[in-house]
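Per my numbering: the sequence shown = residues 471 to 668.
Take the hints with a grain of salt, since some may be wrong.
[As the list claims (entries may be wrong)] Mimicking PhoX-like on lysine-lysine, the simulated pairs with C-alpha atoms at most 20 Å apart in a straight line are:
| id | residue 1 | residue 2 |
| --- | --- | --- |
| 1 | K637 | K584 |
| 2 | K581 | K604 |
| 3 | K585 | K502 |
| 4 | K584 | K554 |
| 5 | K604 | K502 |
Just so you know, these hints were derived from the structure itself, not from any lab.
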Amino acid sequence: MTLNEFIEHHDFEGAVVLLEGKREVAEEDQQKLFELGKLLASKTSKMIFRSGNAKGSDQFFSDGVAEVDNIRLQVITPYDNHRKKTNRAYETISMDNINLASEPNLIYQSKANKKMEKLIDQYAAGDRGRYSIKAAYIIRDTVKAIGTETIPPATFGIFYDDLKQPKSGGTGHTMQICEQNGIPIIDQSVWMKWLETE
C-alpha cells in the first residue's frame, strides 16, 4: 500500500486512524515517527488520529500530528491527568469517564489478554488498587481499537512494532484486537517506505 492509496481509501469523514506503538523506539527511528505524524496530518483533511498518550511511539507520532493540526488528535488515557504535561491532543478521553458496566463487549474483548483477565474483572468491578489499575491500560488499548457506545471504533491502525518480537505487550494486544475486528493494520515495514517517496 502506497501513501496515496492509503489517503485515497482512508481519508473520509468519521475515519479514525490509530498512530501508536512501542514505548522503546530506536534512536534512528524517532524522527521518522514524528515525520509520519506530520506528513499524514498535512496530506489529509478528514481523518482523526488516535493515540494512547504513552511515552515513545505514541508521543513521537502525536508530536508530529500536533505540529500541523492538533484539532485532529485524540488520546485515550488509562486515567485522568495521565502524562498531562506532554499531552498535545485537542480531545482527551479518560478511562475514568467510561461506564464499564454498559460495555460488556469491551470487557470481553479486553480479556483476550489472558494474563490480565483477573485484574480486568477487578477493575471492572470498581477496584482501583495498585495492581488492578494495570488493567486500565489493557482496557484502554481495546477502547482505542473498538471504541465504546460513545467513542467510534478505529478504521485503520498504523503501528511502530518491535519487529523482532512482533505483536507482543500492549501494542500487540491492540494490533490483535484490530485484526479480530476487521480493522486493517500496518507497521513500519510499510509506512517507512512512505517517507522515502516524499
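Checked hints:
no.	hint	result
1	K637 / K584	holds, 15 Å
2	K581 / K604	holds, 13 Å
3	K585 / K502	violated, 33 Å
4	K584 / K554	violated, 30 Å
5	K604 / K502	violated, 30 Å
Of the numbered hints stated above, those contradicted by the structure are hints 3, 4, 5, listed in ascending order.
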